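Colleague: Listed here are the chains, written in short residue letters.
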Amino acid sequence: MNAIHYWRAMCGIVGRELWRFVTQRERFISALVRPLVWLFIFAAGFRAALGLAITPPYETYILYEVYITPGLMGMIQLFNGMQSSLSMVYDREMGSMRILMVCPLPRWFLLLSKLIAGVAVSVLQVYVFLIIAWFYDIKAPWEGYLYVLPALLLSGAMLGALGLLLSSFIKQLESFAGVMNFVIFPMFFMSTALYPLWKMKESSVWLHHFASVNPFSQAVELIRFSLYGRFNEYAFIYTLAAFIIFMIVAVLGYNPSKGMMMKKGGR
Amino acid sequence: MNNIKQRTASLAIERLSFSYSGKKALDSIDFAINSSECTILLGPNGAGKSTLFSLITRLYDSHDGKISLCGFDVKTQTLQALSRLGVVFQQTTLDLDLTVMQNLRYHTALHGMSRKLASQRIQEELERLQMYDRRMEKVRQLNGGHKRRVEIARALLHKPALLLLDEPTVGLDVPSRQSIVEHVHQLVSEQGLSVLWATHLIDEIYPDDQVIVLHKGQIQTKGSVDEVKQAADAQSIGDAFKYFTQGEKV
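Taken in order, these protein sequences are the chains called A and B. Using this note's numbering, read the first sequence as starting at 123 and increasing by one per residue. Using this note's numbering, read the second sequence as starting at 472 and increasing by one per residue.
Calculated directly from the structure, the hints in this document are not laboratory data. Honestly, I wouldn't trust all of these hints.
What the hints assert, rightly or not - For lysine-lysine, the following DSSO-like pairs were computed, each having C-alpha atoms within a straight-line distance of at most 30 Å:
{"#": "1", "chain 1": "A", "residue 1": "Lys-293", "chain 2": "B", "residue 2": "Lys-495"}
{"#": "2", "chain 1": "B", "residue 1": "Lys-693", "chain 2": "B", "residue 2": "Lys-713"}
{"#": "3", "chain 1": "B", "residue 1": "Lys-546", "chain 2": "A", "residue 2": "Lys-293"}
Stated by the list, open to error - Cβ-Cβ distance ranges computed for the label pairs, FRET-style:
{"#": "4", "chain 1": "A", "residue 1": "Leu-268", "chain 2": "B", "residue 2": "Gly-663", "range": "39 to 45 Å"}
{"#": "5", "chain 1": "B", "residue 1": "Pro-515", "chain 2": "A", "residue 2": "Leu-158", "range": "54 to 60 Å"}
{"#": "6", "chain 1": "A", "residue 1": "Trp-230", "chain 2": "B", "residue 2": "Pro-515", "range": "37 to 43 Å"}
{"#": "7", "chain 1": "A", "residue 1": "Gly-217", "chain 2": "B", "residue 2": "Glu-698", "range": "32 to 38 Å"}
{"#": "8", "chain 1": "B", "residue 1": "Arg-586", "chain 2": "A", "residue 2": "Trp-320", "range": "54 to 60 Å"}
{"#": "9", "chain 1": "B", "residue 1": "Tyr-491", "chain 2": "A", "residue 2": "Ile-253", "range": "48 to 54 Å"}
{"#": "10", "chain 1": "A", "residue 1": "Phe-307", "chain 2": "B", "residue 2": "Gly-615", "range": "37 to 43 Å"}
{"#": "11", "chain 1": "B", "residue 1": "Gly-718", "chain 2": "A", "residue 2": "Gly-217", "range": "32 to 38 Å"}
In this text the structure is predicted, and so the values were computed from the model without any measurement. Heads up, the beta-carbon is just placed ideally off N, CA and C, and yes, glycines get one too.
Isolated chain A, as found in the complex (with noise of 0.2 Å):
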């Protein structure tokens, strides 16, 4: 088991998950289909009845639409976190997830390539949706497409251990429906990717603690800040913490003697 034998597993690992991304046409088509959605029809209804003030780290006015884009590009990387944990919870119920736990290499590494693969995954659509945005005439500065890269990776590597977690806790792939429901939702829709922090306190307090403490919003402000070019400390910090603890839970859980794996099985 040395460093050749983990960088050739892991390259196995995510050159697998790409291959299927690439070649699943419908998939990769509806990853990019639900967020333009939000942006072509929900954004430009909005537009009219939400009045954004100037904020951090926009200088100037800005419509809805530009508002709403790193959140949208934060949605991608949720859904996306979501896709492979419904993938990691299929496969564990079709068995080609056995394949991958009694191969000699510690599960954490396993994981973590599955992670990998995942994040490589987001950032492509990203990108894309992006380049899509652009042609909407959503511009950011062009050095903000290549800040936004570090922030990307770290936000969908905290969405991906996310999304491990939960798929170490679900025993079927039917319980799949509640997770959307209890956990992609409230994560998005209490969050500050379709509207401002303060925006909120306007209407609800509670709903303002939520999101203030939700890390998807912490995620979408590292993303917002570094698309303009702007490093915003604290919600790195919040993400990479979280991903930190996600992470941990997930080995855990996937851990055959300490985790939820354990609790599938029995004693």
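Knowing the structure of chain A, use the given hints to seat chain B on it.
Modeller: Below, chain B alone, put in the same frame as chain A:
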């Protein structure tokens, strides 16, 4: 003495127990498999065969008992132990949307094999199973028997010392079953591979095989085919199986 047994045996299991929510699935199991030995794990549905496989492959963990693979403790030396193990699970574990080749390459990557070595091993194993010409086909296009062959080929790519087969012929037609049974026995006699084959189908047993009868989580008997027949005072291994699992003297 015990240590010597563990070092030489491909698989050594000592006082292994496991429960699901308080219900015992395995109760103090003890046995060993030596190299070039084909051991048939015979038991009706629910006997504990799949649970035993999940414990050997470390999908589950047991607090009671010990499992060693080629002398490596599965719990404390997991990676060394797993590198010597090839597994064919009851359920197909191939990715249906990938080709035969892509599935096998994925496995060789997980075992850290170089591309050159992987190509060579894949060719060897697929040719042995007359599947090399079909390497570029998607697994979804293969029939059940051919999928099983690919899974056996995959389990052998990293040259394991022990091959675990969990009811690999379930749902297959008679010719496919026969061909798989023959192939695995050939591997044992020609390549010195150790095999643990879980099944409830009596006709998959060869006269030279070792047999373990597992029922309600306990080993009822173990030994060569003749020893098991003698223990039940039965004419055939089928009658002996009935005796140990249903208490019927035939």
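Colleague: Indicate, hint by hint, whether the structure satisfies it.
Modeller: Hint check:
Of the supplied pair hints, the one linking Lys-293 of chain A and Lys-495 of chain B holds, its CA atoms being roughly 21 Å apart against a limit of 30 Å. As the CA atoms of Lys-693 of chain B and Lys-713 of chain B are separated by approximately 14 Å, the hinted pair is consistent with the 30 Å bound. A hinted pair counts as satisfied when its Cα atoms are at most 30 Å apart, and Lys-546 of chain B with Lys-293 of chain A qualifies at roughly 24 Å. Between Leu-268 of chain A and Gly-663 of chain B the Cβ separation comes to about 57 Å, which falls outside the hinted range of 39 to 45 Å.
Taking the beta carbon of each, Pro-515 of chain B and Leu-158 of chain A are about 56 Å apart, inside 54 to 60 Å as hinted. One distance hint, 37 to 43 Å for the beta-carbon pair Trp-230 of chain A and Pro-515 of chain B, holds here, with the actual separation near 38 Å. Taking 32 to 38 Å as the suggested C-beta distance range, the pair Gly-217 of chain A and Glu-698 of chain B conforms, at roughly 35 Å. At about 56 Å, the CB distance of Arg-586 of chain B to Trp-320 of chain A agrees with the hint of 54 to 60 Å.
The beta-carbon spacing between Tyr-491 of chain B and Ile-253 of chain A, approximately 52 Å, falls within the hinted interval of 48 to 54 Å. Between Phe-307 of chain A and Gly-615 of chain B the Cβ separation comes to about 41 Å, which falls inside the hinted range of 37 to 43 Å. Look at Gly-718 of chain B against Gly-217 of chain A: about 34 Å separates their beta carbons, and that is inside 32 to 38 Å.
The earlier numbered hint that this structure contradicts is number 4, and it is the only one.
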